[in-house]
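Q: One-letter residues, chain by chain:
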Amino acid sequence: MDWQALALSVQLALATLLVLLPVGLLSARWLARSRSPAKPWLEALVMLPLVLPPTVLGYYLLVSLGAASPLGRWAQDTLGLSLSFNFLGLLLASVVFNIPFMLQPMQRGFEAIPHKLIEAATVNGLSAWATFWRVELPLAWPGVMSAMVLTFVHTLGEFGVVLMVGGNIPGETRTIAIAIYDRVQAFDLHGAHLMSLTLLVFSTLAVVASLWAGRRTPEGAR
Amino acid sequence: MDWQALALSVQLALATLLVLLPVGLLSARWLARSRSPAKPWLEALVMLPLVLPPTVLGYYLLVSLGAASPLGRWAQDTLGLSLSFNFLGLLLASVVFNIPFMLQPMQRGFEAIPHKLIEAATVNGLSAWATFWRVELPLAWPGVMSAMVLTFVHTLGEFGVVLMVGGNIPGETRTIAIAIYDRVQAFDLHGAHLMSLTLLVFSTLAVVASLWAGRRTPEGAR
Amino acid sequence: QPTTITVAAASDLKFALEDVAAQFEKGTGQRLRLVFGSSGNFFTQIQQGAPFHLYLSADEAYVFKLADAGLTTDRGRLYALGRIGLFVPKGSPVKADGELKDLARALKAGEVHKFAIANPDHAPYGARAREALQHAGLWNALQPRLVLGENISQATQFAASGATQGGVIAQSLALAPQMAAQGDFALIPATWHQPLAQRMVLLKNAPPAARAFYEHLATPAAQATLARYGFSRPKP
Amino acid sequence: MTLRVHIAQETPMRLRGGFHCEPGQMVALVGPSGAGKTSLMRAIAGLMRPQHARITVGDACWCDSAAGLFVPPQQRRVGLVFQDYALMPHMTAQHNVALPLHDPDRLARATDMLRRVGLAPELYTRRPAQLSGGQQQRVAVARALVRDPAVLLLDEPFSAVDQMNRRTLYALLAELREDIAVPMVLVTHDLTEARLLADELVVMADGEVLQQGRPEVIHRSPRNARVADLVGIVNRFEGRWEGAADAPGWGLMRWLGAAGDGPQLRVRDKGKVERDQHVTWVIPGEGLALCDGTPPTDPRWLCLLAQVLTQHHLGDVTLLRLQTDQPTGTTLQLMLTGQPHTQLPAVGDTVRLRLDLSLVHIMPSRTVSA
Amino acid sequence: MTLRVHIAQETPMRLRGGFHCEPGQMVALVGPSGAGKTSLMRAIAGLMRPQHARITVGDACWCDSAAGLFVPPQQRRVGLVFQDYALMPHMTAQHNVALPLHDPDRLARATDMLRRVGLAPELYTRRPAQLSGGQQQRVAVARALVRDPAVLLLDEPFSAVDQMNRRTLYALLAELREDIAVPMVLVTHDLTEARLLADELVVMADGEVLQQGRPEVIHRSPRNARVADLVGIVNRFEGRWEGAADAPGWGLMRWLGAAGDGPQLRVRDKGKVERDQHVTWVIPGEGLALCDGTPPTDPRWLCLLAQVLTQHHLGDVTLLRLQTDQPTGTTLQLMLTGQPHTQLPAVGDTVRLRLDLSLVHIMPSRTVSA
Ligand SMILES: Nc1ncnc2c1ncn2[C@@H]1O[C@H](COP(=O)(O)OP(=O)(O)OP(=O)(O)O)[C@@H](O)[C@H]1O
Ligand SMILES: Nc1ncnc2c1ncn2[C@@H]1O[C@H](COP(=O)(O)OP(=O)(O)OP(=O)(O)O)[C@@H](O)[C@H]1O
Ligand code: MOO
Ligand SMILES: [Mg+2]
Ligand SMILES: [Mg+2]
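Residue numbers (this note's numbering), protein chains in the order written: chain P, 1 to 222; chain C, 1 to 222; chain E, 1 to 236; chain F, 1 to 370; chain V, 1 to 370.
Hints in this document: simulated from the structure, not taken from any laboratory. In this text the structure is predicted, and so the values were computed from the model without any measurement. Incorrect hints may have been included.
[As the list claims (entries may be wrong)] Heads up, incomplete: computed chain E residues facing chain P, CB under 10 Å, no partners named:
| no. | residue |
| --- | --- |
| 1 | Gly91 |
| 2 | Asn119 |
| 3 | Asp121 |
| 4 | Ala123 |
| 5 | Arg145 |
| 6 | Leu148 |
| 7 | Gly149 |
| 8 | Thr191 |
| 9 | Gln194 |
Every residue gets a Cβ at the ideal spot worked out from N, C-alpha and C, and that includes glycine.
Chain P on its own, in the form it takes in the complex (with noise of 0.2 Å):
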């Protein structure tokens, strides 16, 4: 059971959930109160991570984030930063390859909410700020939990745009689904399931967990 990995793994998942969960809630949001015509083209472009093949999106991101791409000379020489190959690329590609997950489920859970409440807030003297995390964040958290639990149970199992941009790199980049696919092309098969089952279990308690602490008590009897 390769440790390192699975550690990587969560790793990378909180990373992300911790990125994209502001932008993902300020989007997100904005997105659900808009009513501009652009409103579907931006939920479609939000869609576009998923549309393309993981290895495929993993290759366009490391052609435009690698050493050789200017975005990658620009960070290397001014940020002294690499963008591929180490935990940060990897984190930018599972940022920009959940933004479907984060995004939709969250929208719907702010759109659900009725209007007339976010009125009664605003009369009552509550900012924007404070209508945001007392209303409507509490309103729109089975949406928020669902946007959550999907993000980081995908970035554990993600594999594609992960290989390719982190290049597989023992401690750094090798994810615990690049060990699993690596125990199954070596037809390790013991060692893979040992490690799949590993995965699922660990997966599912973290659901159940976040599951549990993030209920909320059904709407009441009536």
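Keeping the supplied structure of chain P fixed, place chains C, E, F and V with the ligands upon it in accordance with the hints.
A: The following block gives chains C, E, F and V with the ligands in isolation, referenced to the frame of chain P:
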């Protein structure tokens, strides 16, 4: 441009929707209404197809559906059907892999329906069936739309599972995602770009069209 | 009506086999379906009854295992020996040199940040690359900089995209016209590593037309085409 | 097809007691906020499965917890107006009303009912969010009335509707009562409305059914002080029973004030209280009037001097709060009509008040607090 | 800090006219369902940006469409009771009430206000879904009152609350009016409540403000027949102006019935109508009474014979519908109090009716239909 592969992908995506829609609606609704303590466990179970790397999930599916597997042999002997390396195999794999995308948003959609309205439907004499069609489905519609769009788009881009279970046979199991991947593998970047762009444009139009067709009038001014 | 023959071929054959197949199709009017992928995947799929007729592996071990399992008509035939070499993308500080001397220099100078090979744990080209690098005494120094491709094509993409400063890749891929523009390639001596014995085998259900192609691959014309893509002729 | 309800439960809320309602009869369920009126309606409609209950309509049994019987709401065919309307937000007014209908001309019937509840035609195709509160409520009423219900349950169906529209709806209900003879239960906070529309009142408080009876009967002889309160009897006083009077059926009671004893009253004796027992007594508004001339000598009348504390002019009626001199400092309320403004006693004036002692109703003193 | 509202818009709904409300004053907005009361409140609260409007509170301007000024609702500091409560479903009663508060002891203040609106302590920690309709409404009222508002807007705040709890809330409002002198606007369908609580009425219909004034003034001299209808004046008749009478300030009017002309009446002349003009006239309830003795000779009185059509007993008052003989077949309504049951005229009886002609109010005839 490999139109055959695109056509196959679209067929696969539509067939996946067709199979998953009824199953998904029923299970999502059941999960949404359920007060069972097993509910978070079931929800976690629904997520599991996302956890494993697609190629590994594909591997396990292949091992359990392939001609050498008991299930595969049974299907071959009694039904005369092969469950791998053909469209049926792809469809089975695609269905399994899309369960989380289909169920999560739908479940949230059903959960967001005020219980009072279900009560009003039953008091007004609507059967469970009529309540579902005339009240629950329309009210859960944004979530259902989300689920369908996510599933459709995700099937277009799905690569690992399909490659493993399908075997990349032109005209039969070579989807557009695999075709693009092949182009990249062959360093035919021009071809890859062209196909990616076509796929992106197509999906964008498909998403916008479905969002437009499935849009609901906003909740009203108040 | 002529049955379509499905050929599963290792991805290093991508360019070479397409040429050979075109020759064959022109000569016989027989249609071929070529499927390229990783040899290991094909092995798994064939075990599960994949409808392939002819399997061209990059590693003969897979062929023998299938033969032992009784899935093939025989133990197959060697059709080519693969060769590996150093590829350096345009703008890399490393010069392409088959003896890997400049790579050693650049490594010392700290100019090599990332270097691509296929995963030596399961890709035949990766295993040979490791042997060659070990032979040159660079393995230990290079190991922390390695990025591993799932298969040899992916390793080639890493190197060709300029994301790494170089990589050990298959000659057959490096000779592809699209690659020539991306950088320089130098062959590594064949003695530095075990031979990449590429073996093909007919599968149990193969129709006669599949055997025809199997035989065609041994013809001088086919072998000449393979040679153009950097495969050397196997000793009979 | 009489509706008979008997219920006893403790959770999720307390509900005890029962009532009955004949076909074609309208029963008004009254009681303070949180009394359990809505919950009782929900139990009748089948939306709540009570712990112990028996609910029958004619020969049909809808709920019998002893026998484990529970007919689901779909099969009860009740017309229910939800207190908060429960309109379908995704349907137009018309489709909301057509919801319980199945026949081909359902939309036509829905339209017709919307017309009858007084909704303007341009509103038929609006969704609830684009309707005013009262318009939504009338859609909800139309939905309950449009089907052919076995029982009609109206939970504050007119609370958001103005007087004029209410009159339309009252007329509609009256019409309906002639068309379909089913039991009708109305929850309302408006006691005037309850008395105007209902044949009988059912008084509830704290989940308990306290009394059922004709409005004027309850009004004139509430079972206890709590009921008196609930049906809006404001003139409620304390007294001590002092035994039989000169004639059979009559007794003597001392009026007890906060600051001391008042006069002895000769009132009807229903034989329910004993000598020296503490009692609560009420007198309905029709038993109070101002005297214009000299005090009458009839023992039926008690005449008191009282001072006007406040005067409220409420349109057709004027409300006076008076303070009597005997027993000192007791206040009572008096409604006046038909008096031109100029003839009304002003605040501070002393007036002569006449009590019709034959209308005094005596109850055992309440022990529970409000 | 007077609230002044002027508004003119056509979409999404028509709103025209305006009103003003002094600090400490309570204005009741009355009008039929769909009149635009809620919409007007929403405009004042800043939840709707009207097409043309000017809304000021004291020196502060909240909305001036001419100047493009629009203060967002957060900064208007209004206490608003929504018609449908708009309670936060995820918060307890207590937290709902504390929503507009910021200080450290916000929960204590919320609890205190919940106590004052009469909610039982065990309900403070319940969520709205576990409260009855009236309990929810009281939470909503508490939330509006708990903050220190610049303007108080109450949209049917008592519609789901019973009479007893209403009295608690009335008292609370009265208390509040002494504590904080801010303009208060109350929407209510209950005209009695409006007259009881409000200093002035604002009558609305079809989005238009028709009249503002003290209740008794509007009641006695409605601007037109529509207003008369809206403030619940039931005794409305037709007439023809026949010119000046014997004394200045008095004129003569012919009472027109459906079936023919009635008597000539000597009524107050405000100089607004011309000879032979068709008029609508009303007489408030206090101008009607039964005569006990012989008909008075004072020309202020008109005596009529009338037959009792129906008799409704509504608790403290009894409602009679009478049909006069002159003009033939005209019906009018009369409220009686203080009459013991036995003395009430029965259905079919002929009674003698007295009209106080000095209270007759004359309006130009309505041309629009209801
Ligand atoms: N889901 C619930 N869980 C627990 N208690 C509840 C629930 N719903 C209502 N209650 C309580 O039950 C009691 C009765 O409620 P109900 O709604 O029947 O009152 P009501 O008579 O209709 O009052 P109102 O006139 O205010 O509508 C109330 O005290 C209320 O707080
Ligand atoms: N969102 C909306 N879009 C269009 N019209 C609306 C909208 N909301 C309300 N209306 C209409 O505006 C008019 C005024 O509505 P409003 O809610 O102000 O009435 P109201 O006087 O409060 O009535 P009620 O006493 O029934 O609550 C109504 O005819 C209503 O149908
Ligand atoms: O089997 Mo390969 O040629 O390493 O992809
Ligand atoms: Mg209720
Ligand atoms: Mg309103």
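Q: Of the numbered hints stated previously, which ones are contradicted by the structure, given in increasing order?
A: 8 and 9
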